[in-house]
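Visitor: Chains as they are written, first to last, in our numbering: chain A, 1152 to 1750; chain B, 1152 to 1750.
Check each hint, because a few of them may be wrong.
Because identical chains share one entry, a pair is satisfied inside a single copy or across any pair of copies.
16 Å max Cα-Cα, derived EDC-like pairs, lysine to aspartate or glutamate [claimed, not checked]: (1) LYS1160 with GLU1747; (2) LYS1341 with GLU1648; (3) LYS1486 with ASP1324; (4) LYS1341 with ASP1651; (5) LYS1156 with ASP1391; (6) LYS1329 with GLU1250; (7) LYS1376 with ASP1324; (8) LYS1624 with GLU1745; (9) LYS1434 with ASP1744; (10) LYS1659 with GLU1432; (11) LYS1156 with ASP1738; (12) LYS1647 with GLU1215; (13) LYS1329 with ASP1422.
To be clear, the hints were calculated from the coordinates, so they are not data collected in a lab.
There are 2 protein chains.
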Amino acid sequence: MPEYKAPLKDIQFVLDEMLHSEQHYQSLPGCEEATPDMVAAILEEGAKFAERVLAPLNQVGDREGCQLTDGEVKTPTGFKEAYQQFVEGGWPSLAHDPEWGGQGLPESIGIVLNEMVGSANWSWSMYPGLSHGAMNTIEAHGTEAQKQTYLTRLISGEWTGTMCLTESHCGTDLGMLKTKAEPQADGSYKISGTKIFISAGEHDMADNIVHIVLARLPDAPQGTKGISLFIVPKFLPNSDGNVGERNNLSCGSLEHKMGIHGNATCVMNFDGATGYLIGPENKGLNCMFTFMNTARLGTALQGLAHAEWGYQNSLAYARDRLQMRALNGPACPDKPADPIIVHPDVRRMLLTQKAFAEGGRALIYYCAQLVDRVNLTTDSDERQQADTQLAFLTPIAKAFLTETGFESANLGLQIFGGHGYISEWGMEQNVRDSRISMLYEGTTGIQALDLLGRKVLMTQGESLKSFTKVVHKFCQSQAENRAMQEFISPLARLNKEWGDLTTRIGMKAMMNREEVGAASVDYLMYSGYATMAYLWARMAVTAQQKLDAGEGDRSFYQAKLKTARFYFERILPRTKTLEATIDSGADNLLAMDEAEFSC
Amino acid sequence: MPEYKAPLKDIQFVLDEMLHSEQHYQSLPGCEEATPDMVAAILEEGAKFAERVLAPLNQVGDREGCQLTDGEVKTPTGFKEAYQQFVEGGWPSLAHDPEWGGQGLPESIGIVLNEMVGSANWSWSMYPGLSHGAMNTIEAHGTEAQKQTYLTRLISGEWTGTMCLTESHCGTDLGMLKTKAEPQADGSYKISGTKIFISAGEHDMADNIVHIVLARLPDAPQGTKGISLFIVPKFLPNSDGNVGERNNLSCGSLEHKMGIHGNATCVMNFDGATGYLIGPENKGLNCMFTFMNTARLGTALQGLAHAEWGYQNSLAYARDRLQMRALNGPACPDKPADPIIVHPDVRRMLLTQKAFAEGGRALIYYCAQLVDRVNLTTDSDERQQADTQLAFLTPIAKAFLTETGFESANLGLQIFGGHGYISEWGMEQNVRDSRISMLYEGTTGIQALDLLGRKVLMTQGESLKSFTKVVHKFCQSQAENRAMQEFISPLARLNKEWGDLTTRIGMKAMMNREEVGAASVDYLMYSGYATMAYLWARMAVTAQQKLDAGEGDRSFYQAKLKTARFYFERILPRTKTLEATIDSGADNLLAMDEAEFSC
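Start from the sequences and build out the full structure, keeping to the hints where you can.
Guide: Quick look at the structure:
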C-alpha cells in the first residue's frame, strides 16, 4: 500500500533557507504576518490532512472511479467526506481576498498547500483545484454582485467551479469553438453547445457548480477575437443568493480514461442554459490569460507531485526488497540477498526522481514568489520585472516539470520490477495519473511554442534575459566561492550557451518561421535543464553555507550537495543532445512529403 | 477505433532487399524452399489474420480483461475463437521441427509472423507466444516420450504452455526460489509451491496447459545451481497421451495490472502436483539459457509492435485532425484549420516513431538471421560467430527496443492531445500494454548488466568486436560511396568511439566493479543507438541503390533516406549525453549514504 509523507523539511529548506521567505513576505504589503513560524504551523496542519485523509483515498479513487446515473455523478467512497473536512478546515479560502471571505495569505503559501494535497491524491485535488480558475475569473472580471453571489461561495468552498473551454473539434485551437450565447431580454444569455473534458464538471461534493463557459455571441467576430466568458451555474441562485432552480445543463457522459479515475471528466451539454456575461464581450480569451500563469503553475505542481510520490514509495521498496548481491560483494551477508538500493542502477533511478522532485519544488516555489510580487508589490518596475520573468518561466515549469514528473513516475515503477506493473503497489497508477499532465492546460508542444515563439523571439530575447541576468548575477556573487565552482562554472558556461543557442535559432527563424516549431520542444527542455541547474546550484550553495555554519541537520545538507552533484553530472549533460538536435534545423522534419509518411 | 495494417512492403524491403533473404535461405540446409515468393505468400495470409481477426479484438481484450470463476479463467470475447482459427490455419507449427509435426520453416520467418500477430494484439499473442518457451525446453531437453506426448500437441496448438519461474520474493534473483519437487516411487515428482506472474497460466483456449516449472529437489545445492526443470501439465496425459486426470495445481488469482488485460496473469498454486523432470537435475537454469536469446528477441518484438501501432494510428490522426495554422501561413486555406501533420513538432513525434519502428524491424530481422545460422548452419565457425554476435545483440534488442517502443507509444498518445488520454482512441492502451515490456524477460537493468558485464567485459570486449567488425567492414565497403557519407562518416566515427568508451569503462571497472552497474543502462542505450545507426545506414544504402537502379517505388525509397537522415540528425545525438553520463563514473551514485536518501 503506497504512502505519502509531506516533505516538510525540504519544503522549509526551499522556502525559508534558500528563498528567504521571511524577507520576501516582509517586503510585501499585507503579508507581514506570514512569519516562518506561522507558515510552518499552517503547513503542518495541511500535511496532516494530506497524509491522513487524502493519501489513503488515492487508490480508492483509482479503483472505484466515478459513476454517472441519471445525470448525477457519484464520486469515489470518502471523497465527499474529505471535501467536507477540507471546507470545515477553511482550506479553500487560504490564499484569497479577505473582502470575499478569504484569509488573505499570499499565493505562494497556497501553492505549498496545493503541492501536499496534490501529491497525496491528485484526482481529489482537482475538485477544489478547478475552482481556482472560476474564482480568479470572477475576482478579476466579475461585477460586485457576481462576486457577492459566486465568489464568496467559491472561496468558502460551499460551491465549486469549472472552466469549460474544450469542444470535441477544438482544444488547442479555441478560435474554432462553436458554443453559442443568445442575449435575453433580462440581460442574461441562453448558452447552447457541448463541452468536453470538463474536469469536476459534475459531482456530489458541493451544493452548486459554477461553470465558466467560453461561448460566442451571435454577432461575434470569427476566431479567438469573438469569444466571451459566461458564468453558468448548475443551480440558478435565488434572490438571496442561495441555490434555486436547476439550470438547463447536464453531464452527458463520463470519459473512460487512462488515469485520474477519481476525478469526473465530463461531457457537458448546455441546452439553452441561463448564463451571465463576465468581463467585456469578445474579450474572453484575454480575460483568461490574466491568470493563465497561475493555472499553469498549478499543473506544473502535478509533475512534482508524481515525482515525489514515485520517489517516496520506490525508495521504501528499494530498501526493503532483497534481490541479488552488490557487485563488490555482499552488503548484507546475513540476509539472503542485498536490498536493491545497493545496486548503482537502482540508485540512478532513485536519484533522478529525487533530483526532479526537489529541483521541481525549488522551481515552483521560486515562481510562486514571482506570483506574489506580481500580485502584491506596489513598485511598478518590480512588478513588471517579476511579471516578465514569470511569463518566461511558466511554460518551462509547466512542460518541463510534467515531462520529468512522468519520467520520474516511470522510474518509480521500474524500481519495483514486475511488481510495478501490478495495481496494488500503486506505482502504475502514479504513471497513469501523471500522463495527463503533459496534455491539459496546453500540451508540451503548445508550451514550447509559447516559450520560444511568443515569449523569447517576439521580445527579441528580452524575456530570456530577464532570467539569464538573474543567473549571471548569482554566478558572479559566487565567483570566489571555491568549493562551489563544480556547480558555478558549468552553470555560468551554460547560461552563456543558452543565449548563443537562442540567437542561432532566432537567425534561422528570420528566414523560415517553421524553424521555431522545429526547435521548440527541444528548446523548452534545454531551458528546463538550465533553469533547474540554477536552482540546484542555489540549493547547493545554501546547503554549503549551513554546513559551514554548523547549523541544522548535517546529513540533510550533505544529501543536498550529493544530489546537486548527481544533477550536474548525470542529468544536465542532456543539454548536449538537445543543443545538437536544435542545431540540426527544420529540414529533417519538413523534407518528408505528407504522402511519404505511409508510402 | 484504432486499426492495424501489416507493413508488408517494409517487411519485404528489410527481408529481401536489405538482408537478402533469398541467399540467406539458400545457404542454410533445409531452407531452400523458403523463396521470396513462398515467404511473401505466407506473410500475406498471416497479415490478413492479424489485421482482420486479431486487431479488432485488441480493445475488446483491454476492456473485458479475463475473469476467474471457480478456478476457471474466461478470456475476452473472441479470443478463444481466434485461437481456434490460428490452430486450424496451422500457424503454431510454422517454424518447428517436421519430426514433431512442424512445418520446418526457419525461425526468422516465424518472427515476422509473430511481429504481425503481436502488433495487432499483443495480449492475445502471448497465449501462443508463451508456448514457445515450453516447446523449446522440451525440444532441447525432453525425452523421446516427452516429445511425443507434449511437444507434438504444443506444436499443433492443441495444448499451450507456460514458463513458471517467478515467486513473490524472487524474479531477477532466481537462486532464491523455494518451490519444492519431491521424488516419487514411480519416477515422477510432487511439486509444491506458489508461482506468480504466470502469463497464460490458466485460460479456456486449449485442452491442456503444459507448465514448465522451476523447482528444487530435496538435496539440491543452494542458489542457482540447485534448480531443476519439471513438466507439470494441467491435466495428466492418459496412456494414449490424451487429456486425463486433473493435476493438483490451480490458478489462485489473477493480477490486476496496468495493461495487457486480455492476457491472464496468474498466481499458480502447485499443491503436490505431479511433475516430470526434464533435463538433468540441478541444471535447470542452464537448460533455460539455451533458448534465452530467442525468448528475449520475442520480447524485443513487443517494442517494435507498439511503435508500429502508435505510428500508424497517430499518423492517421495527424492527417485528419485540424488545429491551428502552419507557422509559414495556411497549408489548407479552404479548411477551418490545417491538419496537424503540418506542424514540425508533430512531424518530429511521427518520425521518431517511424525511425524506431522501421529501425527496430531491421534490427530484429537481422538478429533472426543470426538465430537461423545458429540453429541450422553446418559450419561450426560460422555458427560460433553467429552465436557470439547474437549473444551481444540480444540484450540490446530486448532493452533498447522496448524502451524506445514505450517512448514511441507515448509520442503516439501525445499527438492525439487530450484525446490520447481517452480510452476509445486506443493510444493510452498502447502505452499501458507497452510498459510491461521493459520489465519481464529481464528488466532493462538486467539486460544492461548482461550486456556490459557478462557479454562485453567478461570477454575482454570480444563480444563487442563481433559486431563492430561487421560495422567496420560495412563502412569500408561504402568508403567510395560519396552520396552516403552523411551516414557512413558519423557511423564509422561512432563505431570507433564505442570501442574507446568500452575500454574506459573496462579500466575503471578493474578498480571498482560497481562501475559496471553505474554505466550499464546508459551503455546499453548507447549501444542501441549505435546498432540502430548501422541498420539505418544499411537501409539508406539499399534505398539509394534502388533509386539509382530506377527500381520499385521511388517515394518509398526516398522516404527511407529521409527517415535515415532524421535518425542520424535527431536521434543519434543522444549518444553525446550518454557518453558524458557514462564517463561521469560511479561516485555520483554511490556517494549517498543509504540513510541520506530520506534525511
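Visitor: Could you work out which of the previously given hints the structure breaks and list their numbers from low to high?
Guide: Going through the list in order, the structure violates hints 2, 4, 5, 6, 8, 9, 10, 11, 12 and respects the others.
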